[in-house]
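Sequences are here, hints too, so could you generate the full structure?
Protein chains: 2
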Amino acid sequence: MTTRKPSPGKLLYAQSGGVTAVINATASAVISEARAHRIEVLAARNGILGVLNDDLLDTASLSTADVRALMHTPGGAFGSCRLKLKSLAEDRDKYVRLLETFKKHDIRYFLYNGGNDSADTALKVSALAEEFDYSLVCIGVPKTIDNDLAVTDSCPGFGSAAKYTAVSVRECALDVAAMAETSTRVFVYEVMGRHAGWLAAAAGLAARRDGDAPQVILFPEVAYDEDAFLAKVDAVVKSNGYCVVVASEGIRTASGDFVADAGGGTDSFGHTQLGGVAPYLAGRVQAVLKHKVHWAMPDYMQRSARHLASETDLAHARAVGRKAVQYALKGLNATMPVIHRVRDTPYRWTVRPAPLSDIANAEKTMPAEFISADGYGITEAARRYLQPLIRGEAYPPYGRNGLPKYLQLHFD
Amino acid sequence: MTTRKPSPGKLLYAQSGGVTAVINATASAVISEARAHRIEVLAARNGILGVLNDDLLDTASLSTADVRALMHTPGGAFGSCRLKLKSLAEDRDKYVRLLETFKKHDIRYFLYNGGNDSADTALKVSALAEEFDYSLVCIGVPKTIDNDLAVTDSCPGFGSAAKYTAVSVRECALDVAAMAETSTRVFVYEVMGRHAGWLAAAAGLAARRDGDAPQVILFPEVAYDEDAFLAKVDAVVKSNGYCVVVASEGIRTASGDFVADAGGGTDSFGHTQLGGVAPYLAGRVQAVLKHKVHWAMPDYMQRSARHLASETDLAHARAVGRKAVQYALKGLNATMPVIHRVRDTPYRWTVRPAPLSDIANAEKTMPAEFISADGYGITEAARRYLQPLIRGEAYPPYGRNGLPKYLQLHFD
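Chains as they are written, first to last, in full-length UniProt numbering: chain A, 1 to 412; chain B, 1 to 412.
Any given hint could be a false lead.
Claimed, not checked - The calculated SDA-like cross-link candidates involving lysine to any residue, where the alpha carbons are at most 25 Å apart (straight line), are:
#, chain 1, residue 1, chain 2, residue 2
1, B, Lys405, A, Pro397
2, A, Lys364, A, Thr379
3, A, Lys290, B, Arg194
4, B, Lys405, A, Gly241
5, B, Lys405, A, Tyr134
6, A, Lys86, A, Ser32
7, A, Lys405, B, Asp210
8, B, Lys10, B, Glu40
9, A, Lys238, B, Phe411
10, B, Lys86, B, Glu130
11, A, Lys104, A, Arg209
12, A, Lys238, B, Asp54
13, A, Lys10, A, Asp54
14, B, Lys104, B, Leu88
15, A, Lys84, A, Pro8
16, B, Lys232, A, His291
Calculated from the structure, these hints are not laboratory results.
Written out as structure tokens, the structure is:
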């Protein structure tokens with residue numbers, strides 16, 4: 001009989017859901033930390049899909065320079081995916097295929113980098129591995145610009161999107177201020193955030209003092225009332241000369257209808273596909289108030305803008321990657337490294353493990369005390385929370401050609 | 001009888017038309033250079049409108065720190081305007097009012113910072129001053145992100161918008177590449193440029209090699225053919241997995257209709273108000289090709305993004321400001337300091353005077369040899385021209401709060 005030579009096993013890393021400006025920084029930290037522990041890292045192509053299809057990349061093929069370049073490269077270098085596995089009962093065959101891929105490559109550590117859906121998947125994989133008596137440590141690694149994960153104080157990816165949003169809104173506001181006398185009086189800027197207004201709130205950081213732009217913020221947490229909205233915009237234009245509106249893609253009427261349902265359709269997570277709130281609101285302002293209006297829809301720009309990443313956010317993204325590997329090696333199964341805020345000012349934070357079961361499928365919307373009484377702005381409490389997350393500039397290196405030196409992996 | 005004490009007279013600076021990330025850098029250079037020559041500088045509030053209404057700001061009220069801060073502040077610090085004066089015959093009363101304001105404040109130098117419409121206004125003012133025998137030197141100072149001014153090799157403001165566009169498109173392309181397998185396959189990015197495709201062409205710099213995003217660029221110089229466009233996009237998706245489209249707001253069908261005429265209306269320059277090409281094209285792609293699509297409309301973001309200014313562009317903007325003052329003091333009436341390109345590589349440039357009459361109302365579209373044979377890309381000649389303009393990063397200073405330290409002037 002043969003005896004199987006004892007092996008620490010390999011680590012599998014996969015990216016899931018919408019990418020961010022710093023998810024590759026987490027990947028970079030995972031690979032570096034694993035290499036330090038002499039653990040081989042395989043990366044799934046296009047997230048969980050690559051595991052289902054046994055389409056894995058051996059990251060040993062990445063040079064130290066590549067791993068360093070991942071740190072400042074936006075997007076999802078190994079490919080991400082929108083594919084939510086259903087319950088163990090419904091999708092058992094798929095879960096079993098995952099396990100087969102794990103066994104085939106002697107994968108003993110599974111790090112799934114995503115949001116609450118991914119945390120749920122990692123949790124189910126862990127349960128099945130136990131059922132099949134296959135020793136596997138499953139770790140969820142946080143990532144989302146929506147900042148809507150439970151337990152963690154903030155989500156890697158959010159701080160950079162928040163900084164980009166606050167800076168862009170301040171810049172556009174200066175533009176509108178210059179043009180308002182003879183041209184554009186109302187500017188509408190749409191931000192991502194399906195059910196939580198965190199990014200919309202971050203836009204509020206662009207205002208230095210009361211009355212500064214953005215003068216009107218529309219949150220998914222507050223029911224959209226057209227008459228009240230138009231009245232508010234008109235009042236701001238009359239008193240201030242112009243009005244900057246920041247609207248979340250997820251705003252809904254009191255009856256619960258998405259204002260942007262024009263967008264229509266649903267993605268493979270079953271979420272309604274949004275987008276188009278800005279042109280809709282702009283149209284209403286122009287038609288009813290007769291003010292000249294401009295609008296912007298940054299869409300993917302806001303989650304890919306590595307050129308304006310937050311240093312704090314980058315530090316978070318790297319830390320959860322390092323810790324995820326350490327937790328895996330310690331056997332802290334079914335956990336997620338989360339950001340714990342020790343103090344607002346000076347901002348102090350640490351990373352600690354939290355059970356995936358507390359995070360899976362949960363969604364953290366903004367506390368009511370973060371939204372001003374009139375529903376159109378943020379409070380001091382919100383500023384205290386948000387401020388540290390956009391702090392510091394972490395620029396990517398640029399080439400002589402004036403473009404950032406981003407890494408683009410080419411798979412055969 | 002009294003004798004009027006001889007005076008060198010004052011200099012009036014005004015901003016016109018759409019603002020840019022670096023027009024205030026030109027203003028800063030004008031003020032610094034004039035101060036060096038002991039010339040008082042008045043700035044018109046909201047461009048020519050401030051001259052008509054005798055609403056002028058004495059820039060002596062700006063501290064040296066303010067003038068330095070102008071160098072890295074986007075928007076139009078003194079206010080701009082969209083107000084085109086008609087012929088001397090039609091708008092004679094207005095031109096006479098301008099002259100009255102000049103006389104009242106002993107303004108002997110008029111620097112109008114704008115595009116070809118502003119060059120035309122400066123030219124007419126100069127003619128009227130001559131007719132009234134009022135000694136006045138009129139200088140046009142170039143500015144426009146559209147890069148469509150005649151004579152000058154490039155326009156201050158364009159290089160920064162071009163850099164922002166190329167970097168943003170590359171970032172969004174990495175995002176789409178990561179999502180394409182299970183989600184978005186086509187991404188449409190709309191750029192400004194009413195009649196000239198310079199910014200659309202700049203997006204082409206995001207591509208490192210053939211086949212890189214953006215795979216499809218739609219120029220105003222090329223008639224839009226929906227069938228050919230959709231066939232091209234579909235072919236790229238089939239071969240590459242995803243397709244990034246960059247579309248100019250000004251694209252038109254063979255019959256000359258603006259694709260985005262949904263936007264409707266006209267601004268006070270009489271230009272058709274555009275916008276909305278991206279959602280339109282995205283809708284066609286989704287409806288006909290059934291590919292999942294996302295789209296972005298940066299609008300004012302692309303001309304206000306001082307956080308990603310081009311160092312070359314900033315140098316141009318400062319140089320034309322300095323030279324404008326020097327030309328004024330030399331009495332080079334009815335001229336504009338223009339960028340003269342000495343060499344592509346290494347890039348060398350100088351500033352020299354050109355007659356306003358060669359620039360007023362002219363419009364420079366892209367040479368045919370800058371657009372690839374199939375009409376969807378840029379040529380090597382275009383790259384040679386565009387490349388130096390986005391070179392170098394000129395970041396604004398940031399505060400501890402993670403936001404740029406932009407100057408916001410408060411007028412009473």
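Each hint, compared with the structure:
no. : hint                  : verdict
1   : B:Lys405 <-> A:Pro397 : holds, 22 Å
2   : A:Lys364 <-> A:Thr379 : holds, 18 Å
3   : A:Lys290 <-> B:Arg194 : holds, 23 Å
4   : B:Lys405 <-> A:Gly241 : holds, 23 Å
5   : B:Lys405 <-> A:Tyr134 : violated, 56 Å
6   : A:Lys86 <-> A:Ser32   : violated, 33 Å
7   : A:Lys405 <-> B:Asp210 : holds, 18 Å
8   : B:Lys10 <-> B:Glu40   : holds, 5 Å
9   : A:Lys238 <-> B:Phe411 : holds, 17 Å
10  : B:Lys86 <-> B:Glu130  : holds, 18 Å
11  : A:Lys104 <-> A:Arg209 : violated, 60 Å
12  : A:Lys238 <-> B:Asp54  : holds, 23 Å
13  : A:Lys10 <-> A:Asp54   : holds, 14 Å
14  : B:Lys104 <-> B:Leu88  : holds, 21 Å
15  : A:Lys84 <-> A:Pro8    : violated, 29 Å
16  : B:Lys232 <-> A:His291 : violated, 39 Å
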